[in-house]
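Take a look at the letters that make up each chain.
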Amino acid sequence: EAGVAQSPRYKIIEKRQSVAFWCNPISGHATLYWYQQILGQGPKLLIQFQNNGVVDDSQLPKDRFSAERLKGVDSTLKIQPAKLEDSAVYLCASSLGAGGTDTQYFGPGTRLTVL
Amino acid sequence: AQSVAQPEDQVNVAEGNPLTVKCTYSVSGNPYLFWYVQYPNRGLQFLLKYITGDNLVKGSYGFEAEFNKSQTSFHLKKPSALVSDSALYFCAVRDMENSGYSTLTFGKGTMLLVSP
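Protein chains in written order, with our numbering: chain V, 565 to 679; chain Z, 2 to 117.
I should point out that these hints are in silico values taken from the structure, not numbers from a laboratory.
Values in this document were obtained by computation on a predicted structure and should not be read as measured data.
Hints should not be assumed to be uniformly reliable.
What the hints assert, rightly or not - Derived DSS-like pairs (lysine-lysine); straight-line CA-CA distance at most 25 Å:
hint	chain 1	residue 1	chain 2	residue 2
1	Z	Lys70	Z	Lys59
2	Z	Lys59	Z	Lys78
3	V	Lys608	Z	Lys23
4	V	Lys647	Z	Lys109
5	V	Lys647	V	Lys626
6	Z	Lys109	Z	Lys59
7	Z	Lys109	Z	Lys23
8	V	Lys575	Z	Lys109
9	V	Lys608	Z	Lys50
10	V	Lys608	V	Lys575
11	V	Lys608	V	Lys579
12	Z	Lys109	Z	Lys78
13	V	Lys635	V	Lys579
14	Z	Lys23	Z	Lys59
15	Z	Lys70	V	Lys626
Work out the full structure: start from the sequences and follow the hints.
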């Protein structure tokens, strides 16, 4: 079974530029998550989708971050404009459902460096 | 609010010795608990989870974890460490009382270093 796919793996941009990350979840997984992992910290949830609807985006900085999951499969996370503090690894995860017992499976992540 | 504490930034152990990585949690209700491992430049890999039932949970790669409700702990253990176990380990919790769409909260991680 193929895992969660993410691209690109690495991205370096200047501050105030825009960037987009792509994620393709495990086939059949209805729930998709985007996390931000800053160096030395655990992952922090940015946004959670159930199929193509948003169920939690309370931690998403909506003035600069946006995400979509058209057709309820793959997803894109965008940052515009980027700030220095956005330097982090962006992890995508998926799970079969959204219940408390569902295991989240993670992709390899995209390491973003903002100069 | 739910939270996870991993009190050790780093754990050092010799190969062949038993290892323990500590985790304590705080939730308003009953917890769902998870352990993940992260190798360099890779995403998190699921090791094991506690949902209900037996307090000793067995997972991947010979790891196990013991749920202790009175001490609000979920320590990760392995009887005999391997050099290849060296990685960053994360404990995570979700509140069972609000499990419909509740957030999975992660600890800050513990680096495990196994020496030959």
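Earlier hints that do not hold, by number: Those not satisfied are hints 13 and 15.
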